[in-house]
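Guided by the hints, dock chain H onto chain V, whose structure is given.
Now for the letters of each chain:
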Amino acid sequence: MLDMPPPTDAGDVTGHRLDHADGSRRQVFITHIETPYPQGRLIVSRTDTRGIITHCNQSFVDMSGYTRDELIGQPHCLLRHPDMPSAVFRELWETVQGGRQWHGYVKNLRKDGGHYWVFATIVPNIRDGRIVGYTSVRRQPSREKVAQAEANYREWNRS
Amino acid sequence: MSFNFTVSPSFPAERISDWYIFNTWLQRSLSIPIHLELHDGFDAQRAAIEAGQVDLIHANPFDASLLVREKGFRAIARPDGAPDEMVIVTALGHPAQSIHDLQPGTRIACTNDPCVNTIGRILLEPANLSADNTIEQQKETYIQVAKDLLRGQADVGFMPVGAYHGLSSLVRRELRTLVTSDIQVIHHVFLLGRDLHSRTDDFLHALLSMHETDRGQTMLSALGASRWQAVQQEDVEFMIDIISTLTR
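Line by line, the protein sequences are chains V and H. Each residue of the first sequence is one higher than the one before, starting from 1 at the first, in the numbering used here. Each residue of the second sequence is one higher than the one before, starting from 1001 at the first, in the numbering used here.
The following block holds chain V by itself, in its conformation from the complex (with noise of 0.2 Å):
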């Protein structure tokens, strides 16, 4: 995975590192702009086992701010946030792979270093027993949910 180059103009830039859970590093950039999740839409995505994309729906493509071209063949982790601490996504990966659904709030990064939440739900795709990818869908959350989530993980991040 590419490391991000900084956004040229979008104001207050802040850079950081990433360490991933598969033990790849990336340089990310980020700004306090957030998009607003649009009204009646669901981001969709699939990714194979790995957790390299396969499918996304336009809305996906909308919201990341990458073109699709982009985004497929990338790891979901394209769109991981600093803010977001990595015990969520340990837990999420570990619910995953043991065959359950995942649900919780999310801060995504945008290609542009600006953010969106979502509420997300992963699930297994399981054919003849066997696990062969997950599918992610995201939904519009409630602003209190999101500010519950973000206390939590500022606190999460703290300690």
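Since the hints were made in silico from the structure, they are not lab data. Note that the Cβ used here is the ideal one computed from N, Cα and C, for glycine as well. Treat the hints loosely; a few may be bogus.
What the hints assert, rightly or not - Just some of the chain H residues that point at chain V, by a computed CB distance under 7 Å: (1) 1038; (2) 1126; (3) 1179.
What the hints assert, rightly or not - Far from chain H, some chain V residues (derived; all Cβ distances over 10 Å): (4) 50; (5) 93; (6) 123.
Coordinates of chain H only, in the frame set by chain V:
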């Protein structure tokens, strides 16, 4: 032996005769006896499925999930065109301009269509509204849902986009859309039960070539489509995975 055909009861009432015409065409095309049974509501349809009284069905995505995963049905085709979407509407004079203006205690008029109701509930989540802090008023038809709104007996109504556009222009002028779903990926599908799996190719051939005749085109148009498209098993499995994220 006659096979039992049914259609998820979410289609507009004026299409009832069109489904009977479609059934006659299907029987003639395949030279097999097919009995069309249109159930009054989703409960009656589910009971018929449970009792093994359905051999083929044009089902909404939620019923398709149950039929494929638990009943051994095979999805073979879907009508082309727009995916299944729904709207949340209110009376024109209602103070809510968006779903964020809705408060706990909101009265929701809806039918017992599980597909529309589940998506409607999801669209209310950003306003922190759930089954715990709203009042659901189930109606028999979408016309009754609209009447509840116009009489001020409900704050919002859940409807499929097709049913909303099927209301008279006089009624629609008195309503306002608060939000329309844009899910893009779920559709009604045509499914065959186990006893008809051996005839899959015959059904597919009849359905996929239906638009090639004037009569077929007329029937499809009456049902709100222009042709049937084949669906692959994996497309349906993907749709079912998506549905499962919405229902738990």
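Against the structure, the hints come out as follows:
{"no.": "1", "hint": "1038", "in the structure": "30 Å, violated"}
{"no.": "2", "hint": "1126", "in the structure": "4 Å, holds"}
{"no.": "3", "hint": "1179", "in the structure": "5 Å, holds"}
{"no.": "4", "hint": "50", "in the structure": "18 Å, holds"}
{"no.": "5", "hint": "93", "in the structure": "17 Å, holds"}
{"no.": "6", "hint": "123", "in the structure": "5 Å, violated"}
Hint compliance for this structure: hints 1 and 6 are not met, and every other hint is.
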